[in-house]
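Colleague: Line order of the protein sequences matches chains X and S. Note that UniProt numbering numbers the first sequence so that position 19 is 19, with each residue one more than the last. Note that UniProt numbering numbers the second sequence so that position 189 is 189, with each residue one more than the last.
Simulated from the structure, these hints should not be mistaken for lab results. Nothing here was measured: the structure is a model prediction, and the numbers come from that model. Hints may be right or wrong, so weigh each one.
From chain S, some residues computed to sit far from chain X (all C-beta separations above 12 Å) [unchecked claim]: (1) D9; (2) K21; (3) E75; (4) E81; (5) T125; (6) N210; (7) E222; (8) T345; (9) G361; (10) V366; (11) I406; (12) V457; (13) G466; (14) R490; (15) P511.
In silico DMTMM-like pairs for lysine to aspartate or glutamate, Cα to Cα no more than 25 Å straight-line [stated by the list, open to error]: (16) K381(S) <-> E257(X); (17) K55(S) <-> E404(X); (18) K138(X) <-> D284(S); (19) K138(X) <-> E430(S); (20) K254(X) <-> E45(X); (21) K55(S) <-> E430(X).
Quick reminder that beta carbons are idealized off the backbone N, C-alpha and C, glycines included.
Protein chains: 2
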Amino acid sequence: MLTGKNYIDNKTLAQGNKTYKTFNPELNQENETVFTEATQEEINEAVSLASKAFKEFRTISGKQKALFLNTIADEILALDELLIQTYCSETGLPEGRARGERGRTVYQLRSFADLVAEGSWVDATIDTAIPNREPLPKSDIRKMNIPLGPIVVFGASNFPLAYSTAGGDTAAAFAAGCPVIVKSHPMHAGTGELVASAIINAAEKTGMPNGVFSNLNSSGIEVGQQLVSHPEVKAVGFTGSIRGGRALLDLAAKREEPIPVFAEMGSVNPVIMLPQALKNRSEDLANTYARSIALGTGQFCTNPGLILGIKGNDLTNFTNALANKIVKINPSCMLHPNIVAAYETNKEKAINQSGLIVVGGYENEVQSNYATQIITTVEGKTFLENTTLHQEVFGPFSMVVKCENIKQLEQIISELEGQLTGTIISDDNEVSEYPSVVAALQNRVGRIIFNGVPTGVEVCPSMVHGGPYPASTDSRFTAVGVNSIKRWIRPFSYQDWPNNLLPDELKNENPLQISRSVNGNFTKQEITS
Amino acid sequence: MLTGKNYIDNKTLAQGNKTYKTFNPELNQENETVFTEATQEEINEAVSLASKAFKEFRTISGKQKALFLNTIADEILALDELLIQTYCSETGLPEGRARGERGRTVYQLRSFADLVAEGSWVDATIDTAIPNREPLPKSDIRKMNIPLGPIVVFGASNFPLAYSTAGGDTAAAFAAGCPVIVKSHPMHAGTGELVASAIINAAEKTGMPNGVFSNLNSSGIEVGQQLVSHPEVKAVGFTGSIRGGRALLDLAAKREEPIPVFAEMGSVNPVIMLPQALKNRSEDLANTYARSIALGTGQFCTNPGLILGIKGNDLTNFTNALANKIVKINPSCMLHPNIVAAYETNKEKAINQSGLIVVGGYENEVQSNYATQIITTVEGKTFLENTTLHQEVFGPFSMVVKCENIKQLEQIISELEGQLTGTIISDDNEVSEYPSVVAALQNRVGRIIFNGVPTGVEVCPSMVHGGPYPASTDSRFTAVGVNSIKRWIRPFSYQDWPNNLLPDELKNENPLQISRSVNGNFTKQEITS
Numbered sequence: 001m002l003t004g005k006n007y008i009d010n011k012t013l014a015q016g017n018k019t020y021k022t023f024n025p026e027l028n029q030e031n032e033t034v035f036t037e038a039t040q041e042e043i044n045e046a047v048s049l050a051s052k053a054f055k056e057f058r059t060i061s062g063k064q065k066a067l068f069l070n071t072i073a074d075e076i077l078a079l080d081e082l083l084i085q086t087y088c089s090e091t092g093l094p095e096g097r098a099r100g101e102r103g104r105t106v107y108q109l110r111s112f113a114d115l116v117a118e119g120s121w122v123d124a125t126i127d128t129a130i131p132n133r134e135p136l137p138k139s140d141i142r143k144m145n146i147p148l149g150p151i152v153v154f155g156a157s158n159f160p161l162a163y164s165t166a167g168g169d170t171a172a173a174f175a176a177g178c179p180v181i182v183k184s185h186p187m188h189a190g191t192g193e194l195v196a197s198a199i200i201n202a203a204e205k206t207g208m209p210n211g212v213f214s215n216l217n218s219s220g221i222e223v224g225q226q227l228v229s230h231p232e233v234k235a236v237g238f239t240g241s242i243r244g245g246r247a248l249l250d251l252a253a254k255r256e257e258p259i260p261v262f263a264e265m266g267s268v269n270p271v272i273m274l275p276q277a278l279k280n281r282s283e284d285l286a287n288t289y290a291r292s293i294a295l296g297t298g299q300f301c302t303n304p305g306l307i308l309g310i311k312g313n314d315l316t317n318f319t320n321a322l323a324n325k326i327v328k329i330n331p332s333c334m335l336h337p338n339i340v341a342a343y344e345t346n347k348e349k350a351i352n353q354s355g356l357i358v359v360g361g362y363e364n365e366v367q368s369n370y371a372t373q374i375i376t377t378v379e380g381k382t383f384l385e386n387t388t389l390h391q392e393v394f395g396p397f398s399m400v401v402k403c404e405n406i407k408q409l410e411q412i413i414s415e416l417e418g419q420l421t422g423t424i425i426s427d428d429n430e431v432s433e434y435p436s437v438v439a440a441l442q443n444r445v446g447r448i449i450f451n452g453v454p455t456g457v458e459v460c461p462s463m464v465h466g467g468p469y470p471a472s473t474d475s476r477f478t479a480v481g482v483n484s485i486k487r488w489i490r491p492f493s494y495q496d497w498p499n500n501l502l503p504d505e506l507k508n509e510n511p512l513q514i515s516r517s518v519n520g521n522f523t524k525q526e527i528t529s
Numbered sequence: 001m002l003t004g005k006n007y008i009d010n011k012t013l014a015q016g017n018k019t020y021k022t023f024n025p026e027l028n029q030e031n032e033t034v035f036t037e038a039t040q041e042e043i044n045e046a047v048s049l050a051s052k053a054f055k056e057f058r059t060i061s062g063k064q065k066a067l068f069l070n071t072i073a074d075e076i077l078a079l080d081e082l083l084i085q086t087y088c089s090e091t092g093l094p095e096g097r098a099r100g101e102r103g104r105t106v107y108q109l110r111s112f113a114d115l116v117a118e119g120s121w122v123d124a125t126i127d128t129a130i131p132n133r134e135p136l137p138k139s140d141i142r143k144m145n146i147p148l149g150p151i152v153v154f155g156a157s158n159f160p161l162a163y164s165t166a167g168g169d170t171a172a173a174f175a176a177g178c179p180v181i182v183k184s185h186p187m188h189a190g191t192g193e194l195v196a197s198a199i200i201n202a203a204e205k206t207g208m209p210n211g212v213f214s215n216l217n218s219s220g221i222e223v224g225q226q227l228v229s230h231p232e233v234k235a236v237g238f239t240g241s242i243r244g245g246r247a248l249l250d251l252a253a254k255r256e257e258p259i260p261v262f263a264e265m266g267s268v269n270p271v272i273m274l275p276q277a278l279k280n281r282s283e284d285l286a287n288t289y290a291r292s293i294a295l296g297t298g299q300f301c302t303n304p305g306l307i308l309g310i311k312g313n314d315l316t317n318f319t320n321a322l323a324n325k326i327v328k329i330n331p332s333c334m335l336h337p338n339i340v341a342a343y344e345t346n347k348e349k350a351i352n353q354s355g356l357i358v359v360g361g362y363e364n365e366v367q368s369n370y371a372t373q374i375i376t377t378v379e380g381k382t383f384l385e386n387t388t389l390h391q392e393v394f395g396p397f398s399m400v401v402k403c404e405n406i407k408q409l410e411q412i413i414s415e416l417e418g419q420l421t422g423t424i425i426s427d428d429n430e431v432s433e434y435p436s437v438v439a440a441l442q443n444r445v446g447r448i449i450f451n452g453v454p455t456g457v458e459v460c461p462s463m464v465h466g467g468p469y470p471a472s473t474d475s476r477f478t479a480v481g482v483n484s485i486k487r488w489i490r491p492f493s494y495q496d497w498p499n500n501l502l503p504d505e506l507k508n509e510n511p512l513q514i515s516r517s518v519n520g521n522f523t524k525q526e527i528t529s
């Protein structure tokens, strides 16, 4: 049963009077539960509890944190059909997607559990003393990663599970030893409340300090702003629009103590179709890309919104084939009426730009919450001159740019904003003829893909989900994979500290049996001196 | 021979008309060379060349970069006495310090050379494909660190070699594959020009692309502001005042594309004197700390400016002994008349705060460029109530805070701003009785020291020179040691990329024989599949 309340102090709480409901896009009607937005007092209470909890949580062992993370995963699975049905009722996404995303969320939690149970993630680095060094003796110095403090996580509209309440940002923060305050996404507040209850249950079952987690409802921007401005909040995780992410970044930068904001803000994910590949496989490529563009009604950060090729019959054939394929896909609903409205506005804005041609779009009547896919095309010169055409149209929209030649294609890549991904479609060895295209693309993106589609973000240590601004606010970090923990930690040194008072990670005996760098060599051996 | 010109395009250049001279604090007079500040055109030229150079420099092998770095070190040593004499004439620091700092600078360059020659710093992480995975096949994904782009480095006033032109920021940037534009510090523009000539010589001898390095003169703030605002600059390194660092951080945050600024801005470096240690060793401690406070005329970021103890006879005895020792040390000149003036102003401001008592200070007449050391004391309650007393007084100044009890001491620590270091002075096992003091201190600093002094920053992988704001602008990084390279790099993923087109670091054969994480295991072995 949903309560519509916030989770603070391990209890449900709703002292405010601003309320809202979620929306069922499939049924085109509001859901029943009334959610109550968190008040300033509730926000302060949540942050104050997180700050207190940090004192204990930062010292909790990796094995205990792993138990907490695994128990969250168990509790999420225990929500069973209630979670799946709530998810679907708040998103209009199919059950298969809900189950898949739940699986991914659980996998992320367990990956972080494995990481901290093993323990080497602290990057223990030890340089032992050299008392007789000339001209000055060398001290014993030992470094390891420690958590930053309370983290605020903003739920993403398009991933109610994997990038929201117990998603990657939260899992990474808990693994690091940071308490989390989630600013719940208003479009799936019910899903958020259920997952929050799973986290609270897990925290209680595994003896985590009260305040290690809070879930705050919010339908506007004020709750988020107050959280990011709060002096005891030490970092922010966000997935969403450029406008939203930039606003938080600016707010955090203006604080007396500026704090890191990692915002993943999406991108148009350029796809370069090289000439030979287009010549030989235009039908296949059109099929593959029609599916990738329409996948999840185009509501992925990695949706291929921009396709670049060299002008000519092959590109024209591909573009026509792509339009033909995509109009045959049945349209589907978007996550929320606001998202459909934004899609229509942005699509219209793009179409109204001089020189943009609609090659094909789904034209039959659809329900008001449904998005109709569309393929457009434009000359390279026009694209270069009009940066409005470079903006993301979030939804099943894609633009094929007809470049005059490889030089113009390379120029276009170089002038794009930062992107999450870039894809090269190539015949076997064709790409080796275009090293400067690959170099230009690498300079603008976080991940490059060979002969695939950008949609689909594997959760693994080698994944980079991030990229140059505005794909993310800091290209030095990733939002996906265990390395995303690096956003929430800092290195810390102990100089000449007594061995018995060092944390286990840095003790001579290496009681946790982790991999450490000792005087430049990686080893699990103990230090005898 | 000094020219007073900028180094751009591998040439000396001076098109501007704004000029300035450096100052010899020992002789209390200006040095002869006239330096010409860089113009807007020269700034644009330097950045444009850096941006072009980046295209080539980012692909240069680790061994070639190592040769470049080692050759810079060689060229610096080849400057020999000219460098040492110029350094001394621009700082008033003794020759021994000049030689020591040169040694440290050369060591830093060679450490980074070793790092990139070996190659494992790229953190190669490989997850191989699982084509038959259900429900979806898994792609081959391979990640490594790549450079951010052109970096602007601001020379520090107090370390003309080790934290300036070819200091840690620059060495780390070159190692990463980032071109560097140095905003030379006006107080030691001659030292900067000589080191710049060494870098240019090394770049030419080792075939580095033109534009990999520029050195721009500047006596005001405009050159720095223009550099940080330039769209083709991708990150900033700074060592200096909180005011200066924060101004650059704010400027970088307002850019259309915000960029990372790592500013190390100093701290008061709290020292906690535990009761038993004070009781048993007050004379020794007074000796040690008098030397540490007066070292280099107190011109270190790690100078111990704040000493905390529990009120009582032992603390009073220590404070009196400290004052007695410190007045016996001969005063020395500061780096520049502006720095002496700032010291006098800040000292005066502190002394004028209600409740601050001067315990002892050097009182004989000194030259106008000399700073006189001073020891002050204040009640814990007064310190807590007046945050002006928390501010750094850069120079040979220290304040002993008399805390009512351990609880108040812990509260004071918790309310301090972020610090580079914290020190605990303890009898053997005494510290183990105060876990909450250590925890509070850890939460405010980047490095804790047991029974030592904070001055002296070892250059080694386990060093953290940084800390919570305002010690640095981002506590997730260090300014010292090879890990400082992490400020200038970003992770980058290749998905299903053809093996022969991958960079050597990620090829199946592991031709560079580096340590890599392959499917979760660290190994130097090749991948056979």
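Colleague: Next step is simple, just say for each hint if it's right about the structure.
Modeller: Tested hints:
1. Once the 12 Å rule is applied to beta carbons, D9(S) is consistent with being away from chain X; the minimum gap is 22 Å.
2. For K21(S), the requirement that its beta carbon stay farther than 12 Å from each beta carbon of chain X is met, with the minimum near 34 Å.
3. Every CB of chain X is more than 12 Å from the CB of E75(S) (nearest about 24 Å), matching its label as outside the interface.
4. No beta-carbon of chain X is positioned within 12 Å of the beta-carbon of E81(S); the least distance is around 20 Å.
5. Not every C-beta of chain X lies more than 12 Å from that of T125(S), the closest at about 4 Å, which undercuts listing it as non-interface.
6. Here N210(S) stays apart from chain X, with its beta-carbon at least about 18 Å from theirs, past the 12 Å limit.
7. Here E222(S) stays apart from chain X, with its beta-carbon at least about 22 Å from theirs, past the 12 Å limit.
8. Against the 12 Å criterion, T345(S) stays outside the reach of chain X, whose nearest CB is about 23 Å from its own CB.
9. Here G361(S) stays apart from chain X, with its beta-carbon at least about 29 Å from theirs, past the 12 Å limit.
10. At roughly 29 Å from the closest C-beta of chain X, the C-beta of V366(S) stays outside 12 Å, upholding its exclusion from the interface.
11. With a least beta-carbon separation of about 16 Å from chain X, I406(S) lies farther than 12 Å from that chain, consistent with its non-interface assignment.
12. The Cβ of V457(S) does not lie farther than 12 Å from every Cβ of chain X; its closest approach is about 10 Å, which violates its non-interface assignment.
13. For G466(S), the non-interface assignment is contradicted: its Cβ lies about 8 Å from the closest Cβ of chain X, within the 12 Å cut-off.
14. Residue placement check: R490(S) does not keep its beta carbon more than 12 Å from all beta carbons of chain X (closest about 4 Å).
15. Interface exclusion of P511(S) from chain X stands, the closest Cβ pair being 18 Å apart, more than 12 Å.
16. For a cut-off of 25 Å, the pair hint linking K381(S) to E257(X) stands: about 24 Å separates their Cα positions.
17. Restraint check for K55(S) and E404(X): satisfied, since their Cα atoms lie roughly 23 Å apart, inside the 25 Å limit.
18. Simply put, K138(X) and D284(S) have alpha-carbon atoms about 21 Å apart, close enough for the 25 Å limit, and the pair holds.
19. Restraint check for K138(X) and E430(S): the C-alpha separation of about 24 Å stays at or below 25 Å, so the hint holds.
20. Between the alpha carbons of K254(X) and E45(X) the distance comes to roughly 23 Å, so the proposed pair stays at or under 25 Å and holds.
21. A C-alpha spacing of about 22 Å is found between K55(S) and E430(X), which places the hinted pair at or below 25 Å, so the restraint holds.
Going through the hint list in order, the structure does not satisfy hints 5, 12, 13 and 14.
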